[in-house]
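There are 4 protein chains.
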Amino acid sequence: MKETAILLISCTDQSGVVAAVTDFLQKNSGNIINLDEHIETESRQFFMRVEWQLKGFAIPEEKVKDYFETLVAKRFEMDWDIEFCQCIPRVALFVSKHAHCFFDILNRWESGEWKIEIPLIISNHEKFHHIAERHKIPYYHIPITKANKKEMEKKEMALIEKYNIDLIILARYMQILTGEFIENYPNKIINIHHSSLPAFPGANPYRSAYERGVKIMGATAHYVTEDLDAGPIIAQDIIPISHNDSIAEMRRKGKDVEKRVLAQAVWEHINHKIIPYKNKTIVFS
Amino acid sequence: MKETAILLISCTDQSGVVAAVTDFLQKNSGNIINLDEHIETESRQFFMRVEWQLKGFAIPEEKVKDYFETLVAKRFEMDWDIEFCQCIPRVALFVSKHAHCFFDILNRWESGEWKIEIPLIISNHEKFHHIAERHKIPYYHIPITKANKKEMEKKEMALIEKYNIDLIILARYMQILTGEFIENYPNKIINIHHSSLPAFPGANPYRSAYERGVKIMGATAHYVTEDLDAGPIIAQDIIPISHNDSIAEMRRKGKDVEKRVLAQAVWEHINHKIIPYKNKTIVFS
Amino acid sequence: MKETAILLISCTDQSGVVAAVTDFLQKNSGNIINLDEHIETESRQFFMRVEWQLKGFAIPEEKVKDYFETLVAKRFEMDWDIEFCQCIPRVALFVSKHAHCFFDILNRWESGEWKIEIPLIISNHEKFHHIAERHKIPYYHIPITKANKKEMEKKEMALIEKYNIDLIILARYMQILTGEFIENYPNKIINIHHSSLPAFPGANPYRSAYERGVKIMGATAHYVTEDLDAGPIIAQDIIPISHNDSIAEMRRKGKDVEKRVLAQAVWEHINHKIIPYKNKTIVFS
Amino acid sequence: MKETAILLISCTDQSGVVAAVTDFLQKNSGNIINLDEHIETESRQFFMRVEWQLKGFAIPEEKVKDYFETLVAKRFEMDWDIEFCQCIPRVALFVSKHAHCFFDILNRWESGEWKIEIPLIISNHEKFHHIAERHKIPYYHIPITKANKKEMEKKEMALIEKYNIDLIILARYMQILTGEFIENYPNKIINIHHSSLPAFPGANPYRSAYERGVKIMGATAHYVTEDLDAGPIIAQDIIPISHNDSIAEMRRKGKDVEKRVLAQAVWEHINHKIIPYKNKTIVFS
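Residue numbers (numbering that gives the first Met the number 0), protein chains in the order written: chain Y, 0 to 284; chain B, 0 to 284; chain W, 0 to 284; chain R, 0 to 284.
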């Protein structure tokens, strides 16, 4: 097993950044196995992702963040993060009554494709309780109403703390989170929603898309911000639609693209490939 | 060369329609080589496209429309059209200063890929006059302002009549047509526009899409109706975008998907594969 | 719930076929809700799929096959089949040690997306026994060796008969079936295999594809014939690959496209949209 | 206009490479605006693409290659190249009788989308002479037979030298080049060929693909090596195919994907995004 660390950096573009970072790693015998860099030309913002082997690295794991801050990050006023790949992210699933994304995530976890732990499932319905039990995952049925939302979200936040959660996936969770909840988990909540070209507002977007005769249906995975469905986009894709597709068939195809796009976004997140910046994301390949 | 005719039908779904049509053709020795049918279950609307060989067909070409109306269409209150495939559609191109769709259409015509004639090019700029001359296509420079729009459109309509135009392609024509103009050519004007998920209104959608960090750019080809960019969709597709794509690169990729989607829509139109219905299209494959 | 029947027809193209079929249905008050037809021009072969409502249909379900054969099929020397949509297909899964397709199929079944029954799982390994138990599906561990293959396949065939199986899905089943086995289930066994452009023979195609630097990986779902991996293709798709993808990552992406393509093929099969003909398939949309 | 230089490097992965390169640029006031790096883990081969602004760069353009070799490249035993972006690549087109790729390239050049010059067109047919004349591009009709191939290729090589060609595009050029010709232009000849899954050898692959009922058609753009169609792949893509597509329609769709994939490969080449290595390519995004 490779033990590596990943450094994600964002700072104003300036002379000497790359050299300073690679210097820091290489002088301490950190063997770089991956380096990606991006400069947003207009804003002169610099982004970097470096992965290096911990074996032989001169700085002990528990001190590396401190050293990096002192020796490099401070000088360039970096926003930065270091992730250790042997740390397995702890994921909470928020679900309602739709199975497709929820089941797909359980599959990828159970088959070992994703190196994650799922210590917590929260739902506003009892529907999937038996699924959670089957996998021995604690399942909390927290029915939310307008009246009790604040109180229920407090309960949820307590659970997230209790179970030491790193990432929240809204796997077709049909509740709108409050700003108070969201601001506690910046870039830690991933949501999936379907959409079409043009976008149809209102209660029944599938019907509107059907009546307009759209030829593609899309899905968008994004980090959740207070502005509903308008957070930084992580992944998007579409599926072709024809006049042969009934609304039911559009829904079925929509589910397939939703689960595919959500899975891609989560994969990129748990592999530390994403740097959010303003309202967009840099997703290194 | 196959000489065939194509019948496009739309009517209320009712017992006996398919049998009546196939009967009409086969009793008159019309060899069916293609038949597609679609029923929109909710509205109970029936759509059909039949292609048959004219060789050996008992009804002479000039009488077939009359006979069909009398013997079949009337009874079922059909909207219908018969197209003879040896008739080469006469296409007018409306262009501004963008070359990509315009050049692509000229290519497909000049290489013989599309069996069309292009007897007319109209532009609000002189820019592509020499291109038209090279191909010996009449090019009319009709600069439109708010003040002269009605008058100029009259001039355009006179040209469309003079040149006996069957189809108008807005190949990135950057002018908005008036309702008076549009209503003369129902389902005879095809437009292409780019778009993204979500859609960004305003003057600079590429910039907005860039700032939001969209991961796909799309294009939509549609028949033009009075409701701007909201006519029946014929074809749509997307191209992946990443954080590496500058606004300039997004534009370049956008052009590629625009020309591809417009070409697909025109191909389907000139092959009589499309039945518009309400604000959507049935596009037989 | 709609109760419908689906008629799949293949015969030499000849005058009057469509009229005869639609006549047969409509004279007996069979309301057609879907009709697709295809003519392979070169071979003059005709294909048709008609779906009609059983409610009000004058011929009782148990007699419709007999009547159709006598009144229509015989005259045109048709290959044909009638499927009743309320009949739920009984599917056997053959699996080895790969989870992705297997789990995905279980999901689609358990969530109700697919109307199928899964009364039988056969594997050459014990690995997924507990998964089958969880779903209360009989799981037979039948380890096959070169020496015992004929005998083991007999056992499998007995199980397929016992459980009254309509469709066998090889969900990454890593055994080659004998001709004796295959010929018992013509167009009833669906397999999935990955592939690339160009195709790489040999033991480690992923390595070869990696070393050649392919930019796409594909998957093909097909009916199994005696000619290994060369049966009629049902569905195909690809996923983009870049130099950033290690062999492990190519495998991971390959799994995603495999499960997507297999699911599409099975969906089309269980919805009776496929007519195999010679070594190809007509897949109505 | 940005004036930049691009450095492409390939060498054994070793400590200090990135730091040495970025140091070299930054100590000489070279403002890096793009940096991509890739490590092929198995072979321990390191690849890098750096783009920096020439404005203010301390080393004069005519000396930068010499300095880089001496100060950096030698030490790490690099294969490397420096491209100056204001240098406009001179492209020779080799064509036969197929218009689609040829016309598409002319378009992208004439519209200014691609910053290239096209000083030379070579063809084994007279067919497109008038197209070349229209654009005032020298057109050489060099009909090749088995008997005269060596002699004719000498003539071609003389023209390539005379016109100072940087890149040869085989835009559906239906002749096989000899090894003698190819070895003069390593990674300087780009070819496009269509293909399908599975691949069909023989004279009529479209017919074979049609008879097998493939559901996708693909195209591959690659550098030409002596091993026919087996050089390093640059770009690949596919287009969906259905049973409705006749062989003629498959060809038409095939042309569309060919011209798209060839255009992508050429774009990546002329923007110096490609590093060939062994029989594959690193294509930076």
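Hints are computed from structural coordinates only; laboratory data are not their basis. Just so it is clear, CB atoms sit at the ideal spot from N, CA and C, and this is done for glycine as well. Check the hints yourself; a few may be wrong.
Unchecked claim - Quick list of in silico lysine-lysine cross-link-like pairs, DSSO-like style, CA-CA up to 27 Å:
(1) W:K54 x Y:K135
(2) Y:K114 x Y:K145
(3) B:K96 x B:K145
(4) W:K26 x Y:K252
(5) W:K26 x W:K54
(6) W:K272 x Y:K252
(7) B:K252 x R:K114
(8) W:K73 x B:K26
(9) R:K62 x R:K73
(10) B:K73 x W:K26
(11) R:K145 x R:K161
Stated by the list, open to error - If you only want the chain W side, here are some residues facing chain R, beta carbon under 7 Å, derived:
(12) R43
(13) P197
(14) A198
(15) K214
(16) I215
(17) I237
(18) H242
Is it true that the CA of K26 (chain W) sits at most 27 Å from the CA of K54 (chain W)?
-> Answer holds: K26 (chain W) to K54 (chain W) is near 14 Å, not above 27 Å.
Take the C-alpha atoms of K96 (chain B) and K145 (chain B), compute the straight-line distance between them, and say whether it is at most 27 Å.
-> Given pair K96 (chain B), K145 (chain B) holds - Cα atoms ~19 Å apart, limit 27 Å.
Would you check the hint for K252 (chain B) and K114 (chain R), treating anything up to 27 Å between C-alpha atoms as holding?
-> holds (16 Å)
Has the given pair, K73 (chain B) with K26 (chain W), been kept, meaning a C-alpha gap of at most 27 Å?
-> holds (21 Å)
K62 (chain R) and K73 (chain R): Cα distance at most 27 Å?
-> Answer holds: K62 (chain R) to K73 (chain R) is near 16 Å, not above 27 Å.
Is the hint on P197 (chain W) kept, meaning its closest Cβ partner in chain R is under 7 Å away?
-> For P197 (chain W), the interface hint holds, since the closest Cβ of chain R sits about 5 Å away, which is under 7 Å.
Taking 7 Å as the limit, does the beta-carbon of K214 (chain W) come near enough to a beta-carbon in chain R?
-> Status holds, d = 4 Å.
If you draw a straight line from the CA of K54 (chain W) to the CA of K135 (chain Y), is it 27 Å or shorter?
-> The hint is violated at about 46 Å.
Interface restraint verdict for R43 (chain W) against chain R (beta-carbon cut-off 7 Å) = Cβ of R43 (chain W) sits 13 Å from chain R, so the hint is violated.
Taking the closest Cβ pair, is I215 (chain W) under 7 Å from chain R?
-> Constraint on I215 (chain W) satisfied, holds at 5 Å.
Under the criterion that the straight-line Cα-Cα distance not exceed 27 Å, is the pair K114 (chain Y), K145 (chain Y) satisfied?
-> Violated: K114 (chain Y) and K145 (chain Y) sit about 36 Å apart, past 27 Å.
Agreement of hint I237 (chain W) with chain R interface, Cβ distance less than 7 Å | holds (5 Å)
Consistency note: the structure conflicts with the earlier hints numbered 1, 2, 4 and 12.
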